[in-house]
Amino acid sequence: MSINLFRRHVEFRQDQIVLLGMRVLAIAIIMLIVSLAILLFKLSLPAISKFGIGFIWGQVWNPISEEFGALPFILGTLTTSFVALLIATPLSISVALFISEICPKKIGHIIGIFVEMIAAVPSIVFGLWGIFSLAPWIQNSATPFLKSTLGFLPLFQGPSYGIGVLAASLILAIMIIPTISSFCREVFRTIPLQTKEAALALGATRFEMIKITILRPSFSGMIGGVVLGLGRALGETMAVAMVIGNSHRLAISILAPGSTMASVIANEYAEASNAMHMASLGYIALLLLVVTLMVNGLARFIIWKWSPKI
Amino acid sequence: MILRKLKNYLFLCLMTLSGVAVLIPLILIITYVIKMGASSLNWQFLTHLPKPVGESGGGMFHAILGTLYLVSLGGFMAIPLGVVLGTYLSELGKGWMATFLRHAIDLFTGIPSIVIGIFAYVLVVVPLKQFSALSGGVALGIIILPVVTRTTEEILKLVSNTTREAGLALGLNRTQVIWHILIKGNRAGIFTGVVLAISRAAGETAPLLFTAFGNSYFSYGLMQPMASLPAQIYTYATSPFEEWQRQAWAGSFVLILLVLGLNLSTRFFMRQKS
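Chains A and B, in that order, give the protein sequences.
Under my numbering, the first residue of the first sequence is numbered 1, with each subsequent residue one higher.
Under my numbering, the first residue of the second sequence is numbered 1, with each subsequent residue one higher.
Do not take every clue at face value.
Unchecked claim - Now the in silico label distances, taken between C-beta atoms and shown as ranges:
| id | chain 1 | residue 1 | chain 2 | residue 2 | range |
| --- | --- | --- | --- | --- | --- |
| 1 | B | T99 | A | P144 | 53 to 61 Å |
| 2 | A | A28 | B | L68 | 21 to 29 Å |
| 3 | A | P159 | B | T99 | 47 to 55 Å |
| 4 | B | I2 | A | L153 | 32 to 40 Å |
| 5 | B | S39 | A | I252 | 37 to 45 Å |
| 6 | A | S273 | B | F76 | 33 to 41 Å |
| 7 | B | A38 | A | G203 | 49 to 57 Å |
| 8 | A | L293 | B | T31 | 31 to 39 Å |
| 9 | A | I38 | B | I24 | 42 to 50 Å |
| 10 | A | T190 | B | S72 | 35 to 43 Å |
| 11 | B | D106 | A | I64 | 35 to 43 Å |
| 12 | A | Q59 | B | V20 | 40 to 48 Å |
Note that these hints are calculated values from the structure, not bench results.
Nothing here was measured: the structure is a model prediction, and the numbers come from that model.
Cβ atoms here follow ideal geometry from the backbone N, Cα and C, with glycine treated the same way.
All chains should be built: construct the whole structure from the sequences, respecting the hints.
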């Protein structure tokens, strides 16, 4: 009896100790996360105090004269992400529709696996393929075509070296298609079969059925997926760094080389020439962190607003 | 009526076309990597260190081992921690602290890998004043941690409360319920999450650029710079030497085999289970 009581006592203590241990670990991780943010802020403090908020629209990036402004990189990130979304959004939504509504289940399943495999390919492999296969294709095939059809726009003027903003955008588009399309498939899955059958029974064609019963109710869900894709595109580093050409100048043409926030950090951080250079790169990382957190937060908010309606 | 049918037909064609179009880049990339990589891959590549520029031959033995070393290091730090945190969030996850942690972990999965590299840099490289394998391991650990935490939490949340109560009714305490019933009973699911996290970390380059940095030789030291397969591919791919570019393709072939192999086999394994 007393042994039993003793065991109960030990087991009770064991519970307390383990639960306390888990709490302590959780607190430690929270402190780690907070300290990471503080350390990053501290790293970029010299640049923040020197350039202030004007860093965002400063156009010059010159490590030698210690003049730093992030505008070329911010614009580069925005342009590549925007073009990538422009290409990837319609494709991803129609692939999601194709998989879940149009083709036979088995084939759809296989295509779904293939699309998700794109997400598993390391970005360095995308970059390698971009340099040796996509860039020559852009230079030799895509650019003449774009120039002959849309060449009057300033967007498509100037020489093409293959690598540049367009190559980076195309790679980004390929990379974010799985993110958007698998999210859209989740959204489409929540629509009850009866609704679809009701539309068909009323004489709607398949197109009308999809438009009325699937696309309209899932609109905000799809927006959530697109914003998630945007979050991924903003932060993608290696593939972009390898194909964008790493130029620090502002250019309107998407055939010209450029730079993004992530790519400039990847290229210059290990070889930063002086403390201010490093601090400025830290400042860019801080901006990138804030922007991706805001975009991902927005995506979560949209999804959360939308999900109670299921 | 004809117009409606025509519209419908056109729409179906467009969807089918896009379904095929999306597969094209993946097929192009895989076939290109296989074509370029398999022809450059040989036994020497897998078992030798790099030769100096200009000499042919040599390989990425040190980088392959380095990737395994760094991933194990990151996994060793992050996997147990991730499982414990996931259990905490699922079993005790109430109050502002757990909510904050849950959101923070959630948002951590969306942080660009280059920023994670800077985190590891300020956390490990700055205090130690040198690039090291340890900092690379920490960077990969920061990538693995949120994935493992989230999978564990989600899997444990699927366990019905009656299972927990059954354990308690048998006289187990909560620790025993958590360990013997929840974690051991769901080890297949947790394992899947772990392998997916590892396959993601193995392909990451950006966080290693200024943490593990790279090395032309194999080093065993925790405090020395260490080569990794993705970083080595990056160095070789952006170099002007044809021999190195050829080796970059061979490296990509090995990397893609490793990452997609891990990924696909886990999916297959998971499907067999369910």
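Consistency of the hints with the structure:
The beta-carbon spacing between T99/B and P144/A, approximately 56 Å, falls within the hinted interval of 53 to 61 Å. As the Cβ distance of A28/A to L68/B is approximately 28 Å, the hint placing it in 21 to 29 Å holds. For the pair P159/A and T99/B, the supplied restraint of 47 to 55 Å holds, since their beta-carbon distance comes to about 54 Å. Distance hint check for I2/B and L153/A: the Cβ-Cβ separation is about 37 Å, which falls inside the suggested range of 32 to 40 Å.
For the pair S39/B and I252/A, the supplied restraint of 37 to 45 Å holds, since their beta-carbon distance comes to about 41 Å. Hint check: S273/A to F76/B, Cβ distance near 36 Å, so the stated range 33 to 41 Å holds. Look at A38/B against G203/A: about 55 Å separates their beta carbons, and that is inside 49 to 57 Å. The supplied range of 31 to 39 Å is met by L293/A and T31/B, whose beta-carbon atoms lie about 38 Å from each other.
The hint said 42 to 50 Å for the Cβ distance between I38/A and I24/B, and at roughly 46 Å that hint holds. In this structure the hint that T190/A and S72/B lie 35 to 43 Å apart at CB holds, the actual value being about 40 Å. The hinted range of 35 to 43 Å is satisfied by D106/B and I64/A, whose Cβ atoms lie roughly 42 Å apart. In this structure, Q59/A and V20/B meet the distance hint of 40 to 48 Å, their C-beta atoms being roughly 43 Å apart.
Violated hints are absent here; each numbered hint is respected by the structure.
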